[in-house]
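Chains as they are written, first to last, in the working numbering: chain G, 15 to 340; chain F, -15 to 318.
These aren't lab readings, by the way, just hints derived from the structure by calculation.
Some hints here could point you the wrong way.
DEER-style ranges, computed between Cβ atoms [as the list claims (entries may be wrong)]:
no.: 1; chain 1: G; residue 1: L253; chain 2: F; residue 2: R160; range: 25 to 31 Å
no.: 2; chain 1: F; residue 1: V176; chain 2: G; residue 2: Y329; range: 33 to 39 Å
no.: 3; chain 1: F; residue 1: P263; chain 2: G; residue 2: L330; range: 43 to 49 Å
no.: 4; chain 1: G; residue 1: P334; chain 2: F; residue 2: S132; range: 15 to 21 Å
no.: 5; chain 1: F; residue 1: G1; chain 2: G; residue 2: L253; range: 32 to 38 Å
no.: 6; chain 1: F; residue 1: R254; chain 2: G; residue 2: L330; range: 55 to 61 Å
no.: 7; chain 1: F; residue 1: I186; chain 2: G; residue 2: L331; range: 40 to 46 Å
A few chain F positions that, by computed beta-carbon distances, are all more than 10 Å from chain G [as the list claims (entries may be wrong)]:
no.: 8; residue: D10
no.: 9; residue: G28
no.: 10; residue: I54
no.: 11; residue: A227
Even for Gly, the Cβ is constructed at its ideal location relative to N, Cα and C.
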Amino acid sequence: MKYFLQRMGFYLFTAWAAITLNFFIPRLVPGDPVQSLIAKYQGQLSTKSIASLYVLFGLDKHQSLWTQYVDYWKQIFHGDLGLSFTFFPAPVSQVIGQALPWTVLLVGITTIISFTLGTGLGVLAGWRRGSWADGLLPVTTFFSSVPYFWLGILAIYLLAGPDSFFPSSGGFDSELVPAWDQYFIPSAIQHSLLPALTILISSVSGWILSMRNMMVTVSSEDYITVAHAKGLPERRVALSYAARNALLPSVSGFALALGFIVGGTLLVEIVFSYPGLGFTLLQAVGAKDYPLMQGIFLIITIAVLVANLLADVAYLLLDPRTRKEG
Amino acid sequence: MEPVLDIRNLNVDYGLGDKAVHAVRDVSLTLHRGEVLGLAGESGSGKSTLAYGLTRLLAPPGVITGGEVIYHPPDDEPYDVLGLSDRALRQFRWAETAIVFQGAMNSLNPVHKVSTQLTDVLKAHEPRMSDHARKARAREMLKLVGISPDRMDAYPHQLSGGMRQRVMIGMALILRPRVVIMDEPTTALDVVMQRQILGQLIELRERLGFSVIFITHDLSLLVEFSNRIAIMYGGRIVEEAPAATIYRDALHPYSKGLLSSFPALRGARRELAGIPGSPPDLAGMPAGCSFHPRCPRAFEPCAGEIPVLGRPDTPDGAGRSVACWLSHPHPGAR
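In isolation and in its complexed conformation, chain G is listed as follows:
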C-alpha cells in the first residue's frame, strides 16, 4: 500500500509538471493566438473585440504571469480549456469531447484486439517452436516494418473506391447525423474497418515477437522442466507456468500502449480523414490553434499517466515479487 501511495505521489507530481509546462510553452513561443486570429479575420475585428479576445484566451497583458498561472489551474479544474479558434467560438473541451470517442473506440478496440491476438499467437509460436507458427514471424515483421500510414494509403488505393464496400475517408456516412441508431452505427463500423485493419496489421507483430521471445526465454527456466517432470498437462505447463511468466513484460507494454490510444495513431487518422483526436491535432497545428493543442496535449498527458498507473497496478496484481511484504 505504501508503495502504491508513493507511486500515486509520483504521478501527481508528474501531472503537475506536465500541466505547468503545458501552460508555459505557448507563452514562450513568439507571437500569440490573437495575432493569428486578427490575421484570419483580416482587419474585421474592432479594438474592443481584440481586447476581449485577449481576455478570453487568458492572454491579457495586465495580469502577471503568476495570476495567469493560478487562473489556468482554476480553469482546468472547471474543465474549461479555453476557446478553440479553428472551430471558433466552440470551447476546446467541446471540440475534444467530439473527437475523443472516435479515437478511443477505433484505436482502443484495435489495440486490445492486437494485444490479445498478438500475445496469443506469440504464446503459440514460442511454445511450438519450429512449427508452422514460426512462419508467422517473417510475415508479420515485414508488415510492421512498412510504415503504417503507407499501409493505409495502400489499403485505400487497393480496397477503397467509389464502388467499394470500404469508404476511403471520414468516420461515418456524411448523409447521416451522429446518433445511436441502426443507420449510424453500421456506417461508423464500416468506416472504421480499413483504419482498424491498418493499425492491427502494423502493430500485431510487435506483440507476437515480444511474447514469442519471452516464451522461448521462460521455456528454458528450471521451473518449466519441473512442471514437465511433475506430469502436468501440457496446457497447464504452457499457460500457467510459461505464458503466465512470459506475459509480465508485455503487460507493461500494453498499459503504455493504452496511454497512447488517446494520442491516436495520428497518421492513420490523417490518411483516412478520421474525425479523431489525431486528425483534430493536425488541424490545430495547421491553424496555430494553441488552446486546442494545449487541450489535446493535456488529455494525452493525463492518459499516459493513467496508463502508467494502470501498468503499476497490473504489475502488483500479476507479479508477487513486486509486492512488499505485510
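Following the hints, put chain F in place on chain G, whose structure we already have.
Just chain F, lined up with the frame of chain G:
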C-alpha cells in the same frame, strides 16, 4: 534384492547425425528397492543427462538413441518407460519417479503460491481428490520436510534457498513415488544446510521406503549417504560398487583420483591430489578408454580398446564392477 528401475544400455546423444555428441553411452544400472544409488563424476560426465534421459525430460537437441529403462511396478508387469505414450508418460512422471533438480532457486514458479504448486500435482494425478484433501496433503508434506504449514500461502521469493529446496523435496514426495532422483540437490546451499537436508531425506527414505538416485560431483557426500556408488566418466560408468568398498578400495584410477581430491575426516593424513588435465570433450572422445590421456597408470591396451564394465579379476570382486584394463585380463594378452 528387488529391482525398481533397470537401465539397460541407455544411449543419449545431443544432436543428430555425424555431429551428434554422445553424452551417455551404453549405461546399464539397476536401482534396487529402498537403496540410495550414488552417481558421481565431473561436470560433463553425463550424469545429469542420464537422469533427464531416463525420465524423458531431455530438452532438444537431446535424443535417446538406444536402450531401455525398465520400471518394475509393485504388483504389475515391468514396462519400458521409453516406450510409454505421452499420456502414460505424464501419469508415470512424479507418481513413480519424482525429481529434485539442481537449481534450488529456480525450481519453483515465481508467480504462484507454494500451495498452488503443491496441489497442482495432485490435481493432475488424482483428479478425484477433493480440494480440501489436496490442501491437507500439501500441508502434511510441508510438515514432513520441516516447514511450518502456514508457509502454504508464501510465494517462492519469500522463502530462503534451503526452504525452497525442502519444498521441492516435499513436492517430490507428495505422490509417494518409489523412485526419487536427486540431481545435485544441494549444490546451491551451504554445507550445514546440505547435511541437514540430506540427513532429513535419508530419514524420510527409511520411513517411506522409496529409492534414491543421488547425482553429485561431491564424492564425499555420496560416501556418507549412499549404499552404492556408480562413477561416470565421459558418458560411461567406469566403476560401480558398494559405497564402503569404493571408499576403501577403489579400483579405477579415476575413482581413486576423485577420492583423493577431498580430505578424509578420520584416519591417516594423506596427500590431496587432483586429477591432472580436464574432462574430455564429448565431441572428440579419445580412442580406447576415454580416461587414458589423464590416467597415471595407462598402459598399452588403454589407447586401443574400450574396457568393458565387468566383474574385476580380484578375489573380493563379487558385487562390484569396473571398466579398466588394470582389473581385467586384456584379451590380447590372453
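Compare the structure with the hints numbered earlier in the document and write down the numbers of the violated ones, lowest to highest. Violated hints: none; all satisfied.
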